Structures are given as C-alpha cells and as structure tokens.
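Protein chains in written order, with my numbering: chain B, 1 to 539; chain G, 540 to 900.
Hints listed in this document are in silico derivations from the structure and should not be mistaken for laboratory results.
If you're wondering where the values come from, they're calculated on a predicted model, not measured in any experiment.
Note that beta-carbon positions come from the ideal geometry of N, C-alpha and C, so glycine has one too.
One thing to keep in mind: the hints can contain errors.
[Claimed, not checked] Incomplete in silico selection of chain G near chain B, CB under 10 Å:
(1) Arg757
(2) Thr759
(3) Gly762
(4) Phe763
(5) Arg776
(6) Ala778
(7) Leu780
(8) Pro781
Here is how the chains run, residue by residue.
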Amino acid sequence: MNVMSRIIPPASLPAGPPAPGLEAVAITKRFGAFTALDAVSLKLRPGTVHALLGENGAGKSTLVKCIMGFYRPDEGAVVVDDREVVIGDPRAAQTHGLGMVYQHFTLVPRMTVLENLVMARASVPAVIDWRAERRRLADFLATMPFAIDVDAPVATLAAGDKQKAEIVKQLYLNARVLILDEPTSVLTPDEADETLGLIRGMALAGRLSVLIITHKFREVMAFADDVTVLRRGRLAGSGAVADHTPDSLARLMIGDSSTAVPVERRGPAGMAARLRIAGLRADDDSGLPALHGVDLTVNMGEIVGVAGVSGNGQVELVQVLAGQRAATAGSVQVGGEPYRATRAEMRRHKVHCLPEEPLRNACVPGMTVAENMAFRSFDEPPITRGGGWLGGWWLDPAAMRRAALDLIARYRVKTTGPDAPIATLSGGNVQRAVLARELSREVDVLIAANPVFGLDFAAVADIHAQIVEARNRGTAVLLVSEDLDELLELSDRLVVMSHGAIVHETTPAAADLTVIGRCMAGNPAHPVAPADGQRQPAR
Amino acid sequence: MPPFMHRAVTHLSASVSALAVPAAAVAVSLALFGAFVALVGVDPVEMYQLMYRGAFGTWFSWQNTLTRASPLILTALCTALPAQLGLVIIGGEGALVLGALAAAATGVALNGAPVALVWPAMALAGMAGGALLIGGAGALRQWRGVNETISSLLLTYIAIAVLNHMVEGPLKDPASLNKPSTAPLADTYMIGTLPGSSVHWGLVVGIVCAVAAWVLMRRTTFGFAARMVGGNPRAARMAGLPVGRLLVVTTALAGAAAGLAGMVEVAAVHGRASASLVAGYGSTGILVAFLARQNPLAVIPVAVLFGGIGASGGLLQRRLDLPDASVLVLQGIIFVVLLASEAMQGRLRLFAFATPAAKEA
C-alpha cells in the first residue's frame, strides 16, 4: 500500500513561521547507581521527522522526559532553535514550542474536543465565551490538515480521531516541535498511516519538526527522514533513514544479544473443544449491553484470533473470561464444565490471562515484583508453609522471593530486585513479569488481549514465541488484538467481532482483507450470518 | 553498593520516609495548637510541659494514658483493617457501643455462670455486635454499592440510638435513676488490672489483637488476598479471588475489634452499659489509624500517644483553666494537618535517592 500517496501536498497548507530544530547534546541521566542515559545526543533538523528507536528500557522515554523537563539531566544540554535552553518543567517546554503526545490518551473523555482544547490552554479566562472559542478553533483547524468534529465528546471518537485530537491540541498550544511517544500503538494500520502522513505533510511544509518514538520499522522507513537508535542508555547509531534497512536498524537496536527466533505453529490445531462460549451477553461500564450473544469455541492447541475495532465488545469479552465482569446471559464452559472464573476453577482448568494494560488489569502497583508474581501461587506450596489445619494459611516470604528471583532470571525482567514495587518497572518489564506469572505454569486455556501493546520488536517476538509455544503444547489460546497483522501471523482461526458479536470467521490463509475490513467497520457488503461454527466463505 | 545493602538502604529510607510525614504532621500541629493556646493567653511552653506531665510524666499519668490507649488500639484497628482493602471505615464508635451493649446484656443474662464461661461469651457477643455493624457496612458496599464511609458513619448513629433505647427501655436497671444504664455486672465478672498497676487487661487484649491483625495482613494468604483487593480489585478478580467475601469478612473482623473494645470498656471500666460509653474512643481511633498509616503495629504506639493527649486534658483544665475539650482541638488539628500532609508522602527531596533505578521507558 502506498502510504505516501495519502500525504497532503505541502502546497495546500498555508505557510507559517518555519519550525525550529531541536538538539539534545550529550545528555546523561542517572537514577541512583543506574545510568539510564549515557551521553546521548540527538539532532532533529527543522522541518523533518526524526524517529527514535530502541528496545524497552533503552532510554527513549528518559531522553524525551529530559527534553520535556520531566527530568533534569545530570549532564548535557537541550538546544532549541540553535539556542541552549533550560527546561525545568513541562510548562517551560510549552513556552519553547515543544509539545508532547503520549502513548495513552490524555484528553478528558466526557468533555468535547473543543472543551478539552480550551481547557488545556495555559491561561483560561474565568468566563469562557464558547462561541468565540469555537470560531477561533474552527479558524485554526482550517489551517490544519486534520478534520475532527470539535463538538463530539472525546469518548465517542475512534482511536485514530482521539490521537488526532491529541496532536491538534499540541498544535493549538503552539507546539512547533512535536514529540510523539508511540503514537500509533492504539491505531489501526490505516489510521496510523493517515495520522503519520498528515504529520509528515506538515513537516514537509516546514511547519513542524517531529520526533517520534516508535518500535515499528515500517513507520520509520515510510515516514521518517532521520533515525536515532538507542541501546541500553547509549547511542547505538543515527543517520538518514535512507541509509538504513529494517535489518540494519534491528541490529542496531538489539545489538549482539540473542533474540527469540519466531516459533512456527507445529501440527494442526486440535479438534477437542477446550473453551466454549455460547450466547454470551454482558453490559459495559455504563450498564449498556456490550456483548450481544457471543458464540465462540477454542480447541486444544489452537489459537483463535479475535479481530475488531476497539470498543466493539472485545474488552468486555476478555473481562468476562478473566472474571472481571459478570455475564448477564449465556454460558462459558471450559473442558465441558461451566466456568465462572473463580480461583478454584481457574486452577482446575489452568486458565490464565494476559490482559491489556497489565499494570492496570493484572498487577497491584504498590505491591512488590515478588508479590505480583505470586498472584497465582501465593495460596499453595511452596509459598504457603507449615502443616496442620493452618498450614495453608501461612505465607513464606522467603519462598515467594526465591520463586520471583527464578522468574526474573528466566523471563529477563529488568528490575532492581524482587522487592521493588512493580509500578517502578518499565511497561515492557511489567508485561514480562505478568507473562512470567501466567505462562510459567501449566496453561490449558490462555486469554490474551493485545499482549504486545506498546512493546518493542524484541519483546514482541519473544511474547509471540511464548504464545505459539503454549499453543504447540496444547493450550487453547484466545487472542484478542487490534493488530490485524499480529492475528494473521499467529492465528489458526480468525474471527471478527463487531457490535458485540462475532460477525465473520475465516483462516489466515483464506482471509480476505477487504471482507475483514468491512466486517470490522460494521458494514459487511452482504449480511453475514454469525452462526456458530458456520464458516463464512472468503471471497 | 552491594545488592543487599541497596535493599537495606531502600527499605530503611522507605521506613524513614513513612515515619517522617506523620511525625512532621504532629510537629506542625503542636506548633499550631501552641499558637492557639497563646491566643487565649496561656503560655504554650508551660502548657506542653503540663501535657507531658499529665501524659507521660509520672507513673500515675502513664497508667491513665495506657488505660485510655487500650480501647484506642482496638477502635483504630476498625479503620486500619478495612483500609488494607482500600475502604475508609469511620464507624468504630458505633461498633464499640453496640459491642458494649451486647457484652453487657450477655454478662447480665449469664449472671451466676462461671467466669470462664462469661468472659468468652461477653467477648464473643461484643465482637458479634461490632462485626454486625461494620460487616453490614461492608455488605452494603459490596452488594448495594453504598459508600462504606457514609454508611459506617450513619450506622454509628443508629448504634448509639439503639444503646440509648435499650438502656432507657428494655434493658434498663430500675435502680439507675439519674443515669439510665443496664444492670451492673457482678464484681466477679470484672476484668482486673495488670499486677502492680491500675491498667486493666484490656491493654494486653489490644496489643495482642494489633499484632494478630498485622500477622493476618502480612503473613497469611488471607491478608495477601486482602491487600490484592485493596491495591487493585481488577487484578484480584483476574486472580479469581472472592472479592465480595474478602470485603465482608475483613469489615466484620474490623467491627469485631471495635466491639471487643466495647466489651473491655464494660467489663473493665464501666461495669455496665450506659450513654457514657459514647466517649469518643471510636472517632479518636480513626485518627490513630490514619496517623499510624493504617499499619496495625504502628497503631500501638500512636494509640499510646493519643491516650496521653487524652489523659493530659484533666491537668490542663485544673492548672491552666483550659476547657477539658481543648485537647480535642489538638486532636482535630493533628487530623487536618495529617490529611493535608498525605500529599507530601514520597515527594520529599530528602528521600529522592531511594527512587528505584528501574524506573525507565
């Protein structure tokens, strides 16, 4: 697909003052004994898109936080528009024209885009003339390539539009240097291409300089002019994208450390049903029906991928299966027995879960890494100790620590130790810790939701390998993902979820992307009968 | 720095940091209270000297302090235990009152039975009374979505009304004329004092309960599960934990602690149930729990501190002509300052070196 064709020609944009450049000079940042950044330099040329690549923990976020004033670097300087500046806090960054868009949305969901943008300004008048504000914003948007509905509550926007609104917010706040932290991790490939295309268009027009943190080589190759690669807090390489290939970037990023080799699915999927969902209904947080009778079966040794645009009931489906939400109707069976996600049932049927946003869904941020790793095992030997009638009640903290040290080593979790609160770990390492907890035991059923969301190349390969290995061992895997490529790569069978029901089923080999896309969008070309087990022929 | 040392330093600095904020809050409160009494024309230095004497200065004042501390330990547990699950329970007063009423009624009903039977029966009745009230607040929260803070507060008023109704009606001792109360407990059923002091055994009961609560929360699977629910209910559900049951059981245990305080007050101090049981131990217990940062072990010294503040009230009244309630002003100031200082926790630059190195990306 030719992404470049989407870029609006620079000529169609009114010219503004030229965008400034940004330079980080020999930045060093230490946390205690740990050096997160070691004399890292980066040069963002005016009017270009610069990609910042690196694995989890390589120092990308730290570098950006030093630039944005969240952290004060121990050594080094930040140069904006050829002048050295001292940025003490994020507000100061704003006055220098730096704006940052985060991986996670920061707009207030219940407020409209207009309200969000007005409230974000540094000085908001006590009484707001909304008519004037709206006119101002409309005029501003007219100079932008972004089309968004300013009166829509943010909660009703699709992920792509939310991300655009976040970007527009920064531009509205006069950001001339835009820093994007994995901006496409929540977007569909089309949305990602569109958003990045628009941004690149603005850079080409000289109105913006863009620094983009990403893991996706495809985006680097398609949208960036220059690239800087970090590895373990050091500069691993930099230069023009044109001089690089995805392979050379991967080598820079990963270095000589070994990475997991992609694991092939071995053997046909099993035929014995392990997880059977029938007529499942559930409400969302606001009490409205979110699942309208989901029918789905996952066999032993099979990965069933669930595709769909976010907000079509996938979250609720996973929550019901994980025990975080009550079903209103329908049944879930595991191994032929009714399953209500109690601890005893989870243990008997070996049901495990890799939810999205693991820190929010699967961890207690204030508890230690060791404690978090013991969530599945704290009430069984060896962590419980002693005999007698109280035997099952006593915790052995030393045993818990030992188990955690073992998992930390086996799953290469980067932490200061098992006693650190898990909230102090980076996102990827929280994910690894949860992965270690959920996959180190015997698993018969695995519920995974966007398991590699926001992770880098090496971590993604690693986690994919673990999931496929589990499948090869006979685990029934339900994989919910917003990344269609991931599903096509991993799944034995692929279903599409739309408006709280399964509307399409196919295999990756027979998949027709047009049909899948239409089903995801909720308007298949012809009515699709979501009958249980009945395969929809791919065109 | 070797890893074990790093661990020790991290641990130590975390403890110091956890201590520093409440200690600073108390110091600021003392300064504010000093300014307050200076305004009414009392020398703050003299006042604090007197307070110290009234609380910890003599063996007599120590005994007074410790006697007051024992119900505070138990009522503080009524707030500190549910706090492990992220609940804010402020119904300790009601649980104490209901527990005292149940214990007194049981003690009177069993008059004539052996002590070895009556004491456990009274204790169980008191604990059941408190458990019913606070467990009720937990159940309302779990199954009806009622805010547990408000329901436990309102249930306290109901408990006090029930006490008043019972001691003025069905359980009234006809002999109690100017102060309605239940029939007095037989002298043999009164809990004695620790040898060589006027401090009753309730202090030991309180300390044992606080230690037991700490062990329960820190060293058992139940406590681990409770802390998971308190830290993140979603994660607890994902682990298949019975969140509702944990919630109700923990609130019931918390209520039982305060109910036991009521039983001790009846069996060691008052000898009967009457309106004088509503003495503010429940509400001071909330303050103790917050100042102890909801740690069941820290509750013990903090309860002693507040027992001392309460004990010194009489001396301030006699010597400085300050109203008896002025120590309540100090308690109130401490609470407000403490709540305001919660925001400071973890932000002090002094402890910045303890920020974990793994924070990254």
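Going down the list of hints, with the structure as the test:
no., hint, in the structure
1, Arg757, "holds (8 Å)"
2, Thr759, "holds (5 Å)"
3, Gly762, "holds (8 Å)"
4, Phe763, "holds (5 Å)"
5, Arg776, "holds (4 Å)"
6, Ala778, "holds (5 Å)"
7, Leu780, "holds (6 Å)"
8, Pro781, "holds (7 Å)"
Comparing the model with each numbered hint stated earlier shows that all of them hold.
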